[in-house]
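Read off the chains here:
Protein chains: 2
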Amino acid sequence: MALEHALLVALRERPASGLELARRFDKSIGFFWHATHQQIYRVLGRMEGDGWLTVRTVAQTGRPDKKEYAVSAAGERVLADWLAADTPVEPLRSELALKARAASYGDREAVRRQLTDHLAEHETRLAAYHQMVEEQYPDPHALTGADLDRYLVLRGGVRLEEFWTGWLSEYLEHA
Amino acid sequence: MALEHALLVALRERPASGLELARRFDKSIGFFWHATHQQIYRVLGRMEGDGWLTVRTVAQTGRPDKKEYAVSAAGERVLADWLAADTPVEPLRSELALKARAASYGDREAVRRQLTDHLAEHETRLAAYHQMVEEQYPDPHALTGADLDRYLVLRGGVRLEEFWTGWLSEYLEHA
DNA sequence: ATATGTCTTGCAACTCGTTGCATAGGTCGG
DNA sequence: CCGACCTATGCAACGAGTTGCAAGACATAT
Chain A
1 MALEHALLVA LRERPASGLE LARRFDKSIG FFWHATHQQI YRVLGRMEGD
51 GWLTVRTVAQ TGRPDKKEYA VSAAGERVLA DWLAADTPVE PLRSELALKA
101 RAASYGDREA VRRQLTDHLA EHETRLAAYH QMVEEQYPDP HALTGADLDR
151 YLVLRGGVRL EEFWTGWLSE YLEHA
Chain B
176 MALEHALLVA LRERPASGLE LARRFDKSIG FFWHATHQQI YRVLGRMEGD
226 GWLTVRTVAQ TGRPDKKEYA VSAAGERVLA DWLAADTPVE PLRSELALKA
276 RAASYGDREA VRRQLTDHLA EHETRLAAYH QMVEEQYPDP HALTGADLDR
326 YLVLRGGVRL EEFWTGWLSE YLEHA
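If you read the protein sequences in the order shown, they are chains A and B. If you read the first sequence in the working numbering, its first letter stands for residue 1, the second for the next number, and so on. If you read the second sequence in the working numbering, its first letter stands for residue 176, the second for the next number, and so on.
Rather than coming from a laboratory, the hints here were simulated on the basis of the structure. Keep in mind that this is a model prediction, so the values were computed, not measured. All residues carry an ideal CB built from backbone N, CA and C; glycine is no exception. Each hint should be verified, as a subset may be incorrect.
[Said to hold, decoys possible] Only part of the chain B face toward chain A is listed, based on derived beta-carbon distances under 10 Å:
no., residue
1, V184
2, V246
3, A249
4, L267
5, E270
6, L335
[Unchecked claim] Quick look at which bits of chain A chain B covers, simulated, 3 or more residues with Cβ under 8 Å:
no., segment
7, 43-52
8, 92-105
9, 108-119
10, 136-149
11, 160-168
Construct the entire structure; sequences and hints are all you get.
Below you can see the structure in the form of structure tokens.
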């Protein structure tokens, strides 16, 4: 029930088409959210039907038309209501942690290999996030408002990758 | 598609009934997994039908009978195969991070309040995990095999809560 | 002009998970 | 005995999310 809100946030930052949103969800917003294009299209349609969004067809040169969505006044209210509502502490699910716990019931070396692969992947992401911080936020102390929020969430992405690399390193070192 | 495997792990550690599993999933295994009892009952039934589990009805004093499930030989094979299979890096979803990013589109103070609540909750969990480490693993260096795995996953729980408390503190301090 | 590719949107079927309710056995207090 | 409550299992309906496929618009190359 929260993809709607993720889309409202993304469209509030900048109006976009379904495919553009799908791409954006693989990037900045994607640190803490993810969605496939089908899911996005379906929900966009429902939100438009509910009057939360306005659409306009945009002709493009060399490409098919696109439908650009923007947040309506009603959508703004939905967004504000959601922001004010309590947020449950989300339950976690990590298949990898489950495998780490169960390693002795199968091929322990195979499990180690997967943890090693994930460690490399999270190290790559961590480096990418660090680069984003350097390039996009050279002077964090000067930030305010939405820019500061986005920077601090990116910091959360950095910290999350540090959690993964730290824990996986600890496991691989001791087990 | 992985709740099956979580149940195999839990039942491999110790045979149990549906309700006992539901309770266990709120505790140790629950650091990195979660499931409701309905979901558990349904999947247990399917797994039994697939021959992954064996059942025996256990009479209890002062309570209704329970159906105690255990992993069959076929279930052992499924478990081993799963442990050897690649694990995709799981996409993350955090409604709270989304709200942090969107704070300027609504009542910023209300968002801060939620982050503060979550910070308190994660500090509580962190303290509980630390206590578990002290009580259950007084001498980590002596651990091996499945015990060591369980300890290291609990360490992951500690590190994850440290991520949350660290990030939320940073956000609240600067935004 | 035809084939190939890619951008954009979308449908249909399926699995997974949650919520609300139901049923049955058993305890304990009044 | 009756009502309230706990344990244990389960059904039905719904919503959310994924996967596979399709179709139309436009571009480029052969």
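Starting from the hint list further up, note which numbers the structure goes against and sort them upward.
3 and 7
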